[in-house]
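A.B. asks: Sequence:
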Amino acid sequence: FEYQRHWWEAGIKHRIRNVLKSRQIGATYYFAREALIDALVTGRNQIFLSASKAQAHVFKQYIIEFAKEVDVELKG
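The opening residue of the sequence shown carries number 105 in this note's numbering; numbering runs sequentially from there.
Everything hinted at is true.
Pairs of lysine to any residue, SDA-like flavour, derived with a Cα cap of 25 Å: (1) Lys-172 - Ala-143; (2) Lys-157 - Ile-167; (3) Lys-125 - Arg-137; (4) Lys-125 - Ile-167; (5) Lys-172 - Ile-129; (6) Lys-125 - His-161; (7) Lys-125 - Gly-115.
These aren't lab readings, by the way, just hints derived from the structure by calculation.
Please take these sequences and the hints and turn them into a complete structure.
C.D. replies: Following this line, the structure appears as structure tokens:
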């Protein structure tokens, strides 16, 4: 989606992004995948702030699933 392309381009230009968004637009899915790619390419740790513990677990599950897709073992 075009708004996700905007997130990608903003991530190239800026280290920190503040996102005001609607619900159910795929942001968690997008940022979880982007974080895994960045971690694999750069070796940098990824940090997420979530509004709730439940949302944090959703992020974690997406990243675990994406890692399995590319045969990466996660530690920690």
